[in-house]
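Chains as they are written, first to last, in my numbering: chain X, 1 to 145; chain P, 1 to 388.
Honestly, the hints are just simulated from the structure, not real lab data.
By construction, the Cβ of each residue, glycine as well, lies at the ideal position given by its N, Cα and C atoms.
The reader is advised that the hints may include incorrect statements.
As the list claims (entries may be wrong) - Reference excerpt, derived from the structure (chain X facing chain P, CB under 7 Å, subset only):
| id | residue |
| --- | --- |
| 1 | Pro45 |
| 2 | Pro48 |
| 3 | Ser68 |
To be verified - Output of the computed footprint for chain X on chain P, the stretches with three or more beta carbons under 8 Å from beta carbons of chain X:
| id | stretch |
| --- | --- |
| 4 | 108-122 |
| 5 | 130-136 |
| 6 | 210-217 |
| 7 | 252-265 |
| 8 | 324-336 |
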Amino acid sequence: MSDTNHLPTPRVSPDSAPFWAACKGGQLELPVCATCKKAHLPPGPVCPFCFSDTIEWKPASGRGEIASWVEYHMAFSNRFSDQVPYLVVLVELDEGPRLVSSIRDTASKDMRVGMRVEVGFEELKPGLIVPTFSPIEDNANGDLI
Amino acid sequence: MKIDAAIAGIGASKFGRGLPDSQMAMGTVAFKKALEDAGLCREDVDGISIHQGSPLGVDYDRVASALGLQLHYVNQSWLHGRFVTNSLQHAAMAVSCGMADVVACFTSVSFSRERAILAGEGDHEANREEGGSHGEAPLYGLESPGSGAAMAMQRYMATYGVTSADLAAVPISIRSHACQNPAAIMQNELTLEDHQSARIVIDPLRLYDFCLLSDAAVVVLVTSSDRARDLRQPPVRIAGLQGIQAGREEFVFAPPHLGIAQQTFAPTKTYDLANEAFEYAGATIKDVDAFYTYDAFSPLVLFSLERFGYCGRGEAAAFVQDGRIGPGGSLPVNTSGGLLSEAHVSGWNCIIEMVRQIRGQAGPRQLPRSEVLHWGTPWGDSAILTPM
Ligand SMILES: [Zn+2]
C-alpha cells in the first residue's frame, strides 16, 4: 500500500515560503525580477539573471508545456508502491522556469514532449497542497523546436 | 598548470554483490594491495582523500585510526559519486603543493547494505527545497538517482529521434568489455533482445540501463612525479585536470542545452566545450586512445561523449552503434566494464583500469595504444592520464 502519511513535508525556507503559501490559496506564483522582469525557479534571494535584489512574487499564467516526462514502473519507496506505473513530468511554464510535477488523467501513450498543460492543485495529505497539471488544447506554440 | 603528480600504486578488493565484509575491511585489502603495488609502506602515506563517506563508505578519521595511519592532509566528501574526480584532484593538488607526500584516494562502498539511502525515506537529500541532488522530487515520486537521467533521456529521445534500442548499444558494448575482465561482476554477453525484453524501471530506462549496486573498494596512491619515478611501477602521470562545471546551464545528468532542469534549449548552438584539461596535458581529443566515464546510467555515456566533443549534439546515439565504443572499437569506453557491468566503485574501477592500460598490464583487454586516456564525467570534469 502506498502511504501518503509518509510523504515528506517540503523543506521550506524564507526564499521558497511564498511559493507554498500561494499553493495553499490555489495559486501558482513565481518570483519575478523587478529589474529585468524574468521569473526564476527554484526561488532564490536575488535574480539569477541580472543579480538584482528586488524580487516580486507574481501570479503565473499556470500554463506551460511538457519539457520531459518519465513513468515509474517500480516504486523505490512504499509511498508509491500501489501507484505504479505512474507519471512524473517536468513542466516548462510559459514564463520560462521549469518545475517537477504530476499530470492528471493522462496515459503514457498520450504523453509527448511539448504538449500543453495547465496547473491545478491537489491536497496530497492534510495541509499539503501541491501543483499538478492537466493537458489542454490551446493556441500557444507547444511544439518542440 | 602547477600540477606535478602521478599515480604510483593501485589496489582493489573483490568486487561483488552482497559481500559479507565491512567497508573498512574491503578498503584495507585494497590499501594493502596498493602499497604492495607501489612498493610503499603505510608510514609513507601521510594524506588521504576519501570520496564516499559513511554510511555508504568510510570516514577519514576511522580509516586513520583503524589502519594506524598518521595523517596530516585530509580531503573528504560524503555521499555522491560525482566527487570522484574531485577526490583525485585534491590528492594531485596536495602532493603538487607539498601539503602531503603520498595521498591515498580511498574508496570503499557497500551499496548492498546501504541502498536504502538512495531513495525513499532514507534519502534525506531528495527533499532539498530546490529538488534533490539528481533532480529528485519525492512528493511526486521522482525518486532515486536514475530519475534525472531518465528525465533527460526522454527529452533527448524526443529531440533527436533516438530509441531505447539505440541506447542499448551502450550497455551492450560495455558488457563486452566486462566479459574480458575476470574481476567484473557481469560475465555474460548482453544482447539487444536481452536489453529490450528486460523490465522497464523508469521509462525510458530499462533494467540494463542501470548500473550495478555492488560492494567494492579501490585505493589509488598519488605522489609527486619525482617520487613516483623511484617506485616499483611505471608512473602514470596526471597530465591534465579540470573541475566540475556548475551553473544555471548545468544539471548533473544532462548536457548543457538539452533543456533539462533550468537549462535553455538552443538547438543551433554548439557547446562551449570545456576541455582545459587537454590543453594542460598538451593533447587534443583526437589523441585519446580510450574514454572513461561515469556510466551509472547508460544515457550518461551519450551525454559525456557529446559534452567533450567526441561527436556533435544529438549524434552520440548513432556514434555508439556498430561496436565503436566496445572492444576493438575506434573509441573504446570503460574497458573494464564500468559501473554498468564491472562494479560501482563510484568510478574508481575506471581510474585503476586506466592505470593498468597505461602500464600495459590490462591482459586480454590491453589497448593497442594507451598514450592518452581521458576520464570525463557527465558533469564536465576531467582527468587526462598519460605515461610519465
Ligand atoms: Zn533580473
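Cross-check of the supplied hints:
| no. | hint | verdict |
| --- | --- | --- |
| 1 | Pro45 | 12 Å, violated |
| 2 | Pro48 | 6 Å, holds |
| 3 | Ser68 | 4 Å, holds |
| 4 | 108-122 | holds (count 4) |
| 5 | 130-136 | holds (count 3) |
| 6 | 210-217 | violated (count 0) |
| 7 | 252-265 | holds (count 5) |
| 8 | 324-336 | violated (count 0) |
Consistency note: the structure conflicts with the earlier hints numbered 1, 6 and 8.
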